[in-house]
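These protein sequences, in sequence, are chains A and B.
Per my numbering, the first sequence starts with residue 1, numbered consecutively.
Per my numbering, the second sequence starts with residue 1, numbered consecutively.
Hint data in this document are derived by calculation from the structure and do not stem from the laboratory.
Treat each hint with caution, since some may be false.
Pair by pair, the computed Cβ-Cβ distance ranges are [unchecked claim]: (1) B/Ala335 <-> A/Asp127: 52 to 58 Å; (2) A/Ala255 <-> B/Glu347: 55 to 61 Å; (3) B/Ser206 <-> A/Glu170: 28 to 34 Å; (4) A/Thr233 <-> B/Ser33: 25 to 31 Å; (5) B/Asn168 <-> A/Asp77: 34 to 40 Å; (6) B/Gly164 <-> A/Arg60: 35 to 41 Å; (7) A/Lys355 <-> B/Gly75: 56 to 62 Å; (8) A/Thr233 <-> B/Asp127: 37 to 43 Å; (9) B/Gly75 <-> A/Pro86: 55 to 61 Å.
Only some residues are given here: those of chain A computed to face chain B with a beta carbon under 7 Å [as the list claims (entries may be wrong)]: (10) Met117; (11) Ile133; (12) Pro137; (13) Ser142.
The C-beta atom is built at its ideal place from N, Cα and C for all residues, glycine as well.
There are 2 protein chains.
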Amino acid sequence: MMYFNKRSLLVVIIILIVSFSHAQLVQFSEPASTNINQNQCPCIMPDNSVVFKIKAPNARKIQIDLGKKYDMEKGADDVWTVRTEPIEPGFHYYFLLIDDVPVADPASQSFFGTGKMTSGIDIPDKDLDFYSIKDVPHGAMSSRYYYSNVTENWRRLYVYTPPGYDQNSEQKYPVVYLQHGGGEDETGWVRQGKTDLILDNLIAESKAKPMIVVIANGNVRSGMGGYSSQGMTSFTNEMIHNIIPFVDGNYRTLADVKNRAICGLSMGGGQSFYVGLENPDVFSAVGIFSSGIFGGIRNPSGSTFDAEKEIPGLLTRSDEFNQKLALFYISCGEADMRIEHTKRAVETMKESGLKVEFNSFPGDHEWQVWRKSFHDFASRVFQ
Amino acid sequence: MMYFNKRSLLVVIIILIVSFSHAQLVQFSEPASTNINQNQCPCIMPDNSVVFKIKAPNARKIQIDLGKKYDMEKGADDVWTVRTEPIEPGFHYYFLLIDDVPVADPASQSFFGTGKMTSGIDIPDKDLDFYSIKDVPHGAMSSRYYYSNVTENWRRLYVYTPPGYDQNSEQKYPVVYLQHGGGEDETGWVRQGKTDLILDNLIAESKAKPMIVVIANGNVRSGMGGYSSQGMTSFTNEMIHNIIPFVDGNYRTLADVKNRAICGLSMGGGQSFYVGLENPDVFSAVGIFSSGIFGGIRNPSGSTFDAEKEIPGLLTRSDEFNQKLALFYISCGEADMRIEHTKRAVETMKESGLKVEFNSFPGDHEWQVWRKSFHDFASRVFQ
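Chain A extracted, bound-state conformation (with noise of 0.2 Å):
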C-alpha cells in the first residue's frame, strides 16, 4: 500500500514536471523569424538556447549541426527534439544530419550558403534593431539580369535603390558594390544580411546617404582560385567591364570615382581588396569584412601576407593612396581565427602611414558581424 502510494507520488510529479516543461516551452519561447510560416519549432527560449522538433518514426539518429552537433531524442510520438546550448545573436547556418546525411530543416528557410541549400535560424539581438523592419520609408531590391562577357551568359544581380528612388526622377546616387563569401552567391546579402533593412534605417536616421547598393555574384569562372592578384582577374574583368557599365547604364548613379566604392566579406573582401585597390580611378572606397587574405586561415601560426607585394606602393607610396582613398575600411569578428593576422596586417599598414578605419565586432565568422561590418561602412562611406 505504502509502496503503490510512493510510486503513484512519483509519477504524479514526474507528470507534473513534464507538463511545466512543456507549458514553459509554450509560454516563454517564441518561434524564430526564420520558421516557414506558422511552424512553433525552431522556439528560441529565453536564454536564447534553441528547441528544434521533427517527426521521423524509422530513422536511427538525428542531429541538429550548429557548427557544434546535438543529438535529438525520439519520443513516445516520433517527434525527435533537442534543447540546444544558448546561441550566439544573430544568423546561423545549420544542418538537419538524418542518420549521418546533412540536410536542410523543412521547418525552417533555406539559404544558399556553404555551398549548399542549408537552413538558417536568426537569434534576436535584443540591445540591437538596426536590421529590424521599421515603419520608416522603404527602398526597393531589384532582381536584374545581365549579360557577362566573362563567364558569356545571362547572369542576375540585384539593386538595392534607396527610398524615393522612384519619385525624385532627377537626383543620381552613389553606389556601393558589396559581395558575398565563399560558398554563397548573390542572395546572401539580400537575405542573411539584410542589407534593404540596414539601409532603409540608416537613411531614415540620415546616419547614411541615400545610396544604390549592387549585390552580384562573385562566383565568376577560373575568378575563384585563391586569394591572388591572379585569381582575381576574372572577377576584376566582371565587375569593372559587365557590372559597372550595366549599373550606370541603367540606374540614375553618379557614376564617377569620388561616388563608387566596393566591400565584402571573406573572398568578397578579398575580391574588393584586389580590385578596389588595383583600380583607385574606378573606386574611392574599398571596404573588407572578415576575409582571410591577411593570413590565419590554413596557417594561424604565421602569415606570408605582404601588402606591398600584393599592391605595389600600398606601404611606400602610402600618400598617394592616401590621396585617392576616400575610406580603406577593414573588420573583423573578434572570435575569427583571421582577426590576429589581420590586426597585425593593419599595423604595418598604419605605421607605413597608410590610412585604414579598423573596426572589430564580437562573433566568429558569421553574419552577425558581416551585417554590423555594411552598417559600420555605410555609415561611413560617402560622407
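Start from chain A and add chain B according to the hints.
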C-alpha cells in the same frame, strides 16, 4: 581452363556494360537547371528520365518522391542512385525521403511549396522557349515592403516592371495582380513561375503590352478558410485597401479599372474569382487557372458549384458582366482532377450568355500548366 576463360569473358562484358552505362550517363545527360551551382546531378537523360544521387553511408532507405516514389540503391561508394521513369517537361516539386523523413535534396535549389521548403526540378520542354532567358530587353523584379492593416504587420510583395520602365519616366502602365496557390507564397510566381522571363519575351515579340505585375502573398490571416465568398473577406480587404493603394502610390500605374486585372492559380484562382467578380469597378479582367472552386477536388463525381449563388447575377445578368469585363479567362490542366467540373462550369456560364475564354493545357495540377496559363492570359489582357 575453359571455365576460367568463360568467367573472364563474363567479367570483361560486365565491366564493359558498366563502363558504357557510366559513359552514357556522362555523355548524354545534362545537369538540371535547378541544380545548386555545378552539381552534375540531378541529371536529365535524353528521354527525360532523371538520375538522382546522394551520399549516405548510414541511411537504411532513401527514396525520391516526385509524386511517385522511387527507391534509390546504395552503391559500393555509399552513393545512393536512382534513374526515374521519363518525367513530364516543366517544373516539379520533389522530396528526398531519408528513412521516410521528407526533406529537400541538398543538390537542388529549394522552393517554398506544399507549405515547406522542398526541392524543385525543371525538365526542359524542347518545343517551348517562352520562359527561357533570351537576348531581349529585361525588366526588373523588385521586392517591396508594405504595411498591412489587415494582418497588422509588414508584408512583402514583388513588383515586375517592364523593360524601359526607368527610362520612360513619363509612361504609365496597366497592372496585373497575380496570385500563387495554397502552400505557396509570393516567391512562387517569381521563382517557379518565371513571370519576369515570360513577360520579357512576350513584350519583346509585341505579343503583350508592357505591363506591371504585382505578386503578393495571398496567405492573409483567416482568409485561408476555404473557397467561399466569406472566406475571402480578409484577402479582399488586403487587396483592395492595402495592396492596390500601395502599388498605385509607388508606381506609375494606369490607376483605373480598365487597366487593372487579377489572376491566379489554384487557391489564387479562387481568390481572383471572388475578388475580381465581386469588384467589377476595380478589375476589368479576371483569370482563373486550375482552381478548385468549380469542384472536382474532394468529390470528383459531383459538384455543388452554383455560379449564380456565388456571384449573384453572373448567370441571370450576364450582359452586365460582359459589359464590365474585358476578359474573363479560365484554364486548367487536362490531367487535373478539376478539369471536368471546370469545363462544366464554363459551359453553364457560356449557356447563360457570359463571355468566357477557356483554354486547357497538357499536364496535371502543376507549374508548367500555370506558366502556360499566365503566358496565355498576359497575351490577351489589355488588348
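Evaluation of the provided hints:
no.: 1; hint: B/Ala335 <-> A/Asp127: 52 to 58 Å; verdict: holds, 56 Å
no.: 2; hint: A/Ala255 <-> B/Glu347: 55 to 61 Å; verdict: holds, 60 Å
no.: 3; hint: B/Ser206 <-> A/Glu170: 28 to 34 Å; verdict: holds, 31 Å
no.: 4; hint: A/Thr233 <-> B/Ser33: 25 to 31 Å; verdict: holds, 28 Å
no.: 5; hint: B/Asn168 <-> A/Asp77: 34 to 40 Å; verdict: violated, 60 Å
no.: 6; hint: B/Gly164 <-> A/Arg60: 35 to 41 Å; verdict: violated, 58 Å
no.: 7; hint: A/Lys355 <-> B/Gly75: 56 to 62 Å; verdict: holds, 58 Å
no.: 8; hint: A/Thr233 <-> B/Asp127: 37 to 43 Å; verdict: holds, 40 Å
no.: 9; hint: B/Gly75 <-> A/Pro86: 55 to 61 Å; verdict: violated, 42 Å
no.: 10; hint: Met117; verdict: holds, 5 Å
no.: 11; hint: Ile133; verdict: holds, 5 Å
no.: 12; hint: Pro137; verdict: violated, 10 Å
no.: 13; hint: Ser142; verdict: holds, 4 Å
Taken one by one, the earlier hints fail for this structure at numbers 5, 6, 9, 12, listed in ascending order.
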